[in-house]
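Peer 1: Now for the letters of each chain:
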Amino acid sequence: MKGPYLHMHSENLVKMANNIGAFFQAEPDHAVAVQGVVDHLHKFWEPRMRRQIIAHLQAGGEGLSPLAREAVAVLMNEQQKNAA
Amino acid sequence: MALLKDKDFGTPPSTSDKMVTLEIDGFTATVPEGTSVMRAAASIGIDIPKLCATDSLEPFGSCRLCVVQIEGGRGLPASCTTPVFEGMKVVTQNDRLAQIRRGIMELYISDHPLDCLTCSANGNCELQDMAGVVGLREVRYGYEGANHFDAKKDLSNPYFQFEPSKCIVCSRCVRACEQTQGTFALTIDGRGFESKISPGQNQAFMDSECVSCGACVQACPTATLIEKSVVEKGQADHSIITTCAYCGVGCSFKAEMKGSEVVRMVPDKKGQANHGHSCVKGRFAFGYATHPDRITSPMIRKSIHDPWQKVSWEEAINYAASEFKRIQAKYGKDSVGGLTSSRCTNEEAYLVQKLVRAAFGNNNVDTCARVCHSPTGYGLKQTLGESAGTQTFDSVMKSDVIMVIGANPTDGHPVFGSLMKKRVRQGARLIVVDPRDIDMVRSPHIEADYHLKLKPGTNVAVVNALAHVIVREGLVDEAFVNARCEAESFNKWKDFIAHERNSPEAMESVTGVPAQTLREAARLYATGGNAAIYYGLGVTEHSQGSTTVIAIANLAMATGNVGREGVGVNPLRGQNNVQGSCDMGSFPHELPGYRHVSDSTVRAQFEAAWNTRLDPEPGLRIPNMFAAALEGSFKGLYCEGEDIAQSDPDTQHVFAALEAMECVVVQDLFLNETAKFAHVFLPGASFLEKSGTFTNAERRISPVRRVMPPLAGYEDWQVTQMLANALGYPMNYSHASEILDEIASLVPTFSKVSFKRLDEVGSLQWPCNEEAPNGTPTMHVDHFVRGKGRFMLTEYVPTEERTSSKFPLILTTGRILSQYNVGAQTRRTANTAWHSEDRLEIHPHDAENRGIKDGDWVGIKSRQGETVLRAVVSERMQPGVVYTTFHFPESGANVITTDNSDWATNCPEYKVTAVQVTKVNAPSEWQQKFRSFTEEQLSFLEKATAG
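If you read the sequences in order, they're chains A and B. Under this note's numbering, the first residue of the first sequence is numbered 105, with each subsequent residue one higher. Under this note's numbering, the first residue of the second sequence is numbered 416, with each subsequent residue one higher.
There's no promise every hint is true.
Said to hold, decoys possible - Label pairs and their calculated CB-CB ranges:
(1) Gly889/B to Asp143/A: 33 to 39 Å
(2) Lys185/A to Glu935/B: 54 to 60 Å
(3) Ala898/B to Arg155/A: 43 to 49 Å
(4) His134/A to His1011/B: 51 to 57 Å
Source of the hints: derived by calculation from the structure; they are not laboratory data. Because the structure is a prediction, the values reported are computed rather than measured. Where is the CB? At the ideal position from N, CA and C, for every residue including glycine.
Pulled out of the complex, with its shape left as it was, chain B reads as follows (with noise of 0.2 Å):
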């Protein structure tokens, strides 16, 4: 193994089908016109020395380091800013760019520490290498002048420095937050000599707009700005690729390694789906890997209100199964079942659906993609064919117009967010649809050209409204409905659309969005070009989710945004493999693939291949498998990777579930809220702990590499088959690939599929078949995969859930950048100085209204339960809806909501709540049942621990 070093191009590349032919030291380049001469030369091995050039940034020129001589040009140009031309004959390297490059270095060079040897950046110092590059042996100014040797280090980033003493102000920093974050937190301060990084208004790098995004980071070609783990540990030995283990983006990454100990996590400039940047969480969140928390022994107990023991790995596997078995003779077959977790790679959860199909004989397999993109799956499905979205991430470059509808990419999707505003910053078009002010709306170089600020709950009216003012103004793409859609279906659809009551004028008092605003917006959708779609859980998690997206997929047919770059559906998946979890069989309903348990063709194919009869019906959802707890008739569950407890709605109902169960197993890292009501605890491994795959938002699939050995000694798919082996059902895998070759045998959109092919080319996007053996981009785009395109029909049905004088307000809920889902992995990090709690959002208002004041303790009160935080007044909240976040369990923001789900699929119902807000001076009667149930359920952890 080798520290993967990438070949810096110096300017990025163009895009342009033309090629220029030019000479460079008496060798022929033949470029892309629009190629800087600097990257030309770089493409035939000559480096032409640089400092303030790299090739994820457009060039600057401002070093001057990479002066070159033209033949027949004046002067000497610099290679960064200068673009090749048919004929041009360059020289990169005499006597007198010599000297002017060692001239440049001089002047840097007096006025920055000769640490070397002591410095952090040792080893992997750009501004070291040029030294040596340009022969530079002697500072003929000395070290006595004016310098900047005293400015002060600011420490404050918990991940990274900055030395300020170090910075030789070539704007890297600069630029990179600029035009590969979006952020601009960073500016060059003072003119001249006294010229200097300044996040924001001279502040300390935590006091300012910075995301800790960590892309100046990597810019920067000093150790001015460096990662502290490095300043602890020392540069790195190896490194190997792998892939993020936090949101559906999937951002590939060298983890860089010493020996099994993650140095730092360096985002892959090959990454398909990232293109080297990421966001705080990937970069620098990977420490709860190793935290104290982690159990790495195996664990039991009759009851939960006993002690926990630890015992070995047999001796839990063998209970765990002895368990079920019992459960399984006494209560009947279908007694028990089974959860994966989009937190897992492709071939765990495709593990576990088999252990619940195969060895306890049932369906009763569900994901927690269930409680967020459940209703993609169903709406997609329905209309289009296939349960995915349309496009890659790198589509939005070719959109003209870009309408988010309820997510938060800046949030949730953070990389995904920074590409979508360079677009922006590029000119596309922007219509937002969303109860609050996001970043999306306003944000620096960015503002939305239509924000939709709907009243929760009216997706589908809104949608429907957007498509109606389409079909009565003569907006429909004609050509493209008749070509590639059911006639039947559209024009049912049509006379439906078209009708009085889904106009703007007649929604405008349900969604609270101006007629005219909508009817502009629906315009520029329909006329602007290129539009696409991008829509997240402010879709799904509604009574209606699967309405909206099949009233979304309704919208993009009828306008032809479909099957071509630069347009489509896109769902933003929340976690990192929501799509592979499904892929992979992990709903009641399917085989992998998407195929119903009830086709004999499909299910003969499993039964063939896993030596097993199938159950022909549906197994029970999550919610279901509470239902039927509480009823009496699921007593066992299997969890792997997925905190039910704290993220699934009306927790009191998911407690009671639980507690009536008789064997709770689960294999997690961390004794998580759902493991505190769990008979056997079997410790997981983290992303680098082993081998897989995920599969993105846009159905890239990606390799997940073990970077250093599981901490408790097996991996999950290992757990996995133990477990299956213990329960009578044979598991014989040796490595995770066979696992991946099995899927790509009974999977027919990824049977091209292996670990052998995704070392190769790196990823791979379903479906990759014979027909497609380098993967599918963008889908349906002769056809659909269900034939022709299917309007459905969307009535606008209001949720059950109103406001009403007790309860005036409506609580939405959602994430925040520094955290992840359950916060069961960023809770055990640093990103708690960004985020160290829940708190609610309410508009001024409303807090005014209420007395409430910025920091003040809050009771939330719903009909389901009531719960304590503290107010942030925020104008981005619109009068009447106050918002909070669930990344803390002790927020008990799911005491408060519902169990209102979506029709189809179950989703729940967490964007819309009634609630009162008032003043409290102490924690709700739940959380303070909560604190004490958490302190004993510690307190026998600590005991196991101590045994």
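Just chain A, same shape as in the assembly (with noise of 0.2 Å):
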């Protein structure tokens, strides 16, 4: 993998996912929003892309806003029961 290509790879997903995030951020109920995050990232995003914003959750989540943070650590939370 190319290093600076990597970065702007990640920044790119965490801008996408702050996206998503900002037009679930309208639902009231908090609850609601996290999971309409996290079941758009599943229905939508290829796995290797889940797997590199849940790398960049684990390394710090620079840049996610607060509902795409919960959201992604839901996605990692199922990532690492499915891996136990």
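Work from the hints to combine the two standalone chains into their complex.
Peer 2: Written as structure tokens, this is what we have:
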């Protein structure tokens, strides 16, 4: 993997996750909003993209909005459960 | 095969339900009230002579050739303008009538050149026919009197000629321009003997407002207006019905042929999407199919810096397959993918996605709908339950209020634009939501009631504000919402939208739309009767594209404007088969028929049919493929009929991604921009060279039929099949119809569609299945596809692309009538006579501030890059907004556009880029590099061709 592009890709994934979060932010029920982002990531993101955003969160999650961060954390927990 | 000739009933049909019985020449005819005597006679096989009448136009009654005698009536009325009545008795032929008709024909012929044998309309001339029908044997006046024989030909239009010496001033061309096309470019100039057809103000056709739709040519009963191709080649000897390969209207055409050569394309009167009309592209711009630039031999090369090498089909296919296998072995199963195209048939799109899923073994398939209408697929599926528009095109004729949002139908969807204009001329009210003064805002006999001239990027704010007014002013159709929609989602939405932050007043500073104007438009939409929304890429190609689609669906549901004729949510699809390519499972998360890949039941059906295991996880979208290519995990691409290097945003990024791949296989007609980065070139077939189906914007599946053999030997589906077989996944179709049969067996909404049925009925709108064997013109009639309609919250989130002192203007991009998408087809036709380069439209104030004059070269610089175009100073723009098209690769319009994209679908935000514009005198650095790269690539092609 090429370093600068990997960094750009992570930045891009963060931006995409935040944009998804911005749509679901309007949802008054916070749990529904988090689940909305999680479902979207499951339905539309290819697994390596999900793995990369989880890796980004594990590395500190710089730039992720609070809602996107929560959703990615849910993904991470699911991944860890599946691994176990 | 025969030449298909439609019967001309003389006047349009009546839509009345009340029937009237009359007697014509002793025979009984029963026809709808309001039918003309001429049409009633034609309906029982009695063809009354006529010249100025044709059934595509309202009757005019000028030639008087169609006079008849009516028992008890006075005089001899024209049968075209006389409506039938109960018990009417008509005589169409007697000595008196015959004498009058011969007299009329004598007058016509006395001022008409008698060069029938060498005339280009010979064999297809109504004047000649009528001379025969009335038994004209002499012209008592002679030919020496005053005449128009010396009138000069107008050859200015590249596709048709105007020879006024042959004109009989029947006004059919003038009326076609008014009634069918709605451009009003033609008129009758002068009076009496001096009367003549005048384009514009006595101008040449090319200097007038004429848009070259050809309706006048089609209406002309003589050789006065005739296609230059007919002049050159003579009359066709057979014709085949097929479907246009340009925009999402999907016009039906008769390809009129001589051998395997197209003489002309004639829009099919029976075509259910176009009813015999067409635009300059569909009717005339088919010459690209036989253009010298066509590549008809497969080619391969190791590196994009090597010359091409011509090889056999077998060698090219085997090389491509071996490369894909090598890459997958080295980098993993998910390191390759494929792209289908909205320019290809349903069968081809289906086969490419099948190849990716079954032969590559992943879901890395996407389509160019990604960069245009993917938000439509998402937004309408979420709210209404189906990723498609709700109506037929004809539905607009029952609309009382039409709202056009982010669409330019007169340029992008011209035939539907003409229909919409016709409805507006009949009195429908019109709301236009667009940053520019498009033709629908104001053009001859058309004026929008409201033009919400918003700032680019604020669609959601405008549509929310419209909904806010409707909710706060009590204009919601409560009965519809209670019966048809989810109560919980509606109540949540109602609370959200009623909030003051969504009011027109609060949003005025964001949108630039005066609050009062917006309020009045909202009231009109909610209370004006049947209200329909038509939208285009000005809605979808934004970072909030999906949100706007959802907001539009919310608006339609809240006002009960779904589920009957005259209303609905209508995406105007860009390319001919956007709807179809999406239907066929071209998206990486969906199998054909919009079923998610994670659905194990659906997956099992496909696994059984395809005899393979399918990946339950979504694959990469196009921009994700680029990102993965740059990070090193995506190395091979099979690209059929799409030119991502020109059409996708942030060109430098796309070029870098393509260069990073080890095997790019391009299947296309020409060495397009993407092919310059390819390692394998597989020659494609134009729409004239293959069979299949296209699905237009109204879900209409129409036949595409091969009218000439493929120049390179294979239809595109055959090439995909060869590649699949070489990859080790067997495909054994012997005809495209077998692919459609497989689709029908696997996609519930297509279950009753087949080549045979399409040949029988012309076209079918899906869903077409057991419940709706004749198709479904209007969707969501009694209930939504998803059951209850779902309202969703649509918070306005400003785009991240902002203007600044360095980039103070907003660039928005779009299309123009004469060119099509990346221009690969239309640039290789005479359509360049109208638009030979992309230009930058700029408001006079912005131009003056920068010292820019019309025609100056200007640099357009964004945060992404810079390019240089010529300026057009235009008041169609609002200050602060500039506009260009992207039809020419050297323009580099996408060098400037950003990588911002729709939050839900990654559809690029083509419509909002912050830029600065300055006067310059040299091409941009990118353009200079592009030129040298192109020269190198063309030299590689020339070497292969020479070899």
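Peer 1: With reference to the structure, classify each hint as holding or not holding.
Peer 2: Going through the hints against the structure:
1. Gly889/B to Asp143/A: 33 to 39 Å: Given about 35 Å between the Cβ atoms, the range holds.
2. Lys185/A to Glu935/B: 54 to 60 Å: holds, 56 Å
3. Ala898/B to Arg155/A: 43 to 49 Å: holds, 46 Å
4. His134/A to His1011/B: 51 to 57 Å: violated, 26 Å
Checked against the numbered hints listed earlier, the structure breaks hint 4 alone; every other hint is satisfied.
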